[in-house]
Amino acid sequence: MNLSGSLITKMTHISFFPLGRTHGQSMTQMEGQQTMSEGSILIINCTYSSSGYAHLFWYVQYPGDGPQLLLKAMKANDKGREKGFEATYKKETTSFHLEKASIQESDSAVYYCALSDTRANCLSVEGQVVGKPIERKEKPRTEKKTPGSSQRRKEEKQHHVQKQCNKRKQL
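Quick note on full-length UniProt numbering: the sequence shown kicks off at 1 and runs consecutively.
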């Protein structure tokens, strides 16, 4: 099967809900699996609900790399533009759809729509894979890891976020 000149899109779902609660916030992406040709218009829908003032973000994660901020909007009607992508914070429709007029193979990545609710001080994230898989060799790591150290760091970070959410909840 020749995938040259085409992009494959499939839906993934990633949510981070500290304490198992979202304090009234949520993110939704509805796209299923689809195929796109280079030059096609890309639209990834993102809708949200929030009990506070929402700050909205789009992150991109290219194969073999960590997530990077692509666009952000801090208030209604803010429009973010970067690398041919754009998204407008539409409070009346509670949406922050990501669009690009002409998608290229180099746009193959995972795209995350994220919301930060200023009242809850927590983050909700949805992710979508766009593109065909690209294999990259991992960069050599210079640090030595001890067994369980990355799990400990993850748990410490989650504990810190949970403490912050608990503080806000008590206010």
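The reader is advised that the hints may include incorrect statements.
[Unchecked claim] Simulated restraints on C-beta separations:
(1) A76 to E38: 21 to 29 Å
(2) S102 to Q61: 30 to 38 Å
(3) E38 to T93: 28 to 36 Å
(4) S37 to E92: 15 to 23 Å
(5) E82 to E105: 29 to 37 Å
(6) L69 to S49: 32 to 40 Å
(7) A76 to I43: 16 to 24 Å
(8) E38 to T94: 26 to 34 Å
(9) E38 to E92: 14 to 22 Å
(10) R81 to G39: 29 to 37 Å
(11) E105 to S51: 21 to 29 Å
(12) K79 to G39: 36 to 44 Å
(13) E92 to Q68: 16 to 24 Å
[Stated by the list, open to error] Think about it this way: if two alpha-carbon atoms lie no more than 25 Å apart in a straight line, the pair counts; the simulated DSS-like pairs of lysine-lysine are:
(14) K100 to K90
(15) K100 to K83
(16) K79 to K100
(17) K72 to K83
(18) K72 to K100
(19) K72 to K91
(20) K79 to K91
(21) K79 to K90
(22) K72 to K90
(23) K75 to K91
(24) K100 to K75
(25) K90 to K75
No wet-lab data here; the hints were simulated from the structure. Yeah, the Cβ is synthetic: ideal placement off N, Cα and C, and Gly gets one too.
A quick look at each hint next to the structure:
{"no.": "1", "hint": "A76 to E38: 21 to 29 Å", "verdict": "violated (34 Å)"}
{"no.": "2", "hint": "S102 to Q61: 30 to 38 Å", "verdict": "violated (21 Å)"}
{"no.": "3", "hint": "E38 to T93: 28 to 36 Å", "verdict": "holds (30 Å)"}
{"no.": "4", "hint": "S37 to E92: 15 to 23 Å", "verdict": "violated (33 Å)"}
{"no.": "5", "hint": "E82 to E105: 29 to 37 Å", "verdict": "violated (18 Å)"}
{"no.": "6", "hint": "L69 to S49: 32 to 40 Å", "verdict": "violated (23 Å)"}
{"no.": "7", "hint": "A76 to I43: 16 to 24 Å", "verdict": "holds (20 Å)"}
{"no.": "8", "hint": "E38 to T94: 26 to 34 Å", "verdict": "holds (32 Å)"}
{"no.": "9", "hint": "E38 to E92: 14 to 22 Å", "verdict": "violated (34 Å)"}
{"no.": "10", "hint": "R81 to G39: 29 to 37 Å", "verdict": "violated (19 Å)"}
{"no.": "11", "hint": "E105 to S51: 21 to 29 Å", "verdict": "violated (40 Å)"}
{"no.": "12", "hint": "K79 to G39: 36 to 44 Å", "verdict": "violated (23 Å)"}
{"no.": "13", "hint": "E92 to Q68: 16 to 24 Å", "verdict": "violated (29 Å)"}
{"no.": "14", "hint": "K100 to K90", "verdict": "holds (17 Å)"}
{"no.": "15", "hint": "K100 to K83", "verdict": "holds (9 Å)"}
{"no.": "16", "hint": "K79 to K100", "verdict": "holds (13 Å)"}
{"no.": "17", "hint": "K72 to K83", "verdict": "holds (13 Å)"}
{"no.": "18", "hint": "K72 to K100", "verdict": "holds (15 Å)"}
{"no.": "19", "hint": "K72 to K91", "verdict": "holds (14 Å)"}
{"no.": "20", "hint": "K79 to K91", "verdict": "holds (12 Å)"}
{"no.": "21", "hint": "K79 to K90", "verdict": "holds (9 Å)"}
{"no.": "22", "hint": "K72 to K90", "verdict": "holds (13 Å)"}
{"no.": "23", "hint": "K75 to K91", "verdict": "holds (8 Å)"}
{"no.": "24", "hint": "K100 to K75", "verdict": "holds (21 Å)"}
{"no.": "25", "hint": "K90 to K75", "verdict": "holds (9 Å)"}
Consistency note: the structure conflicts with the earlier hints numbered 1, 2, 4, 5, 6, 9, 10, 11, 12 and 13.
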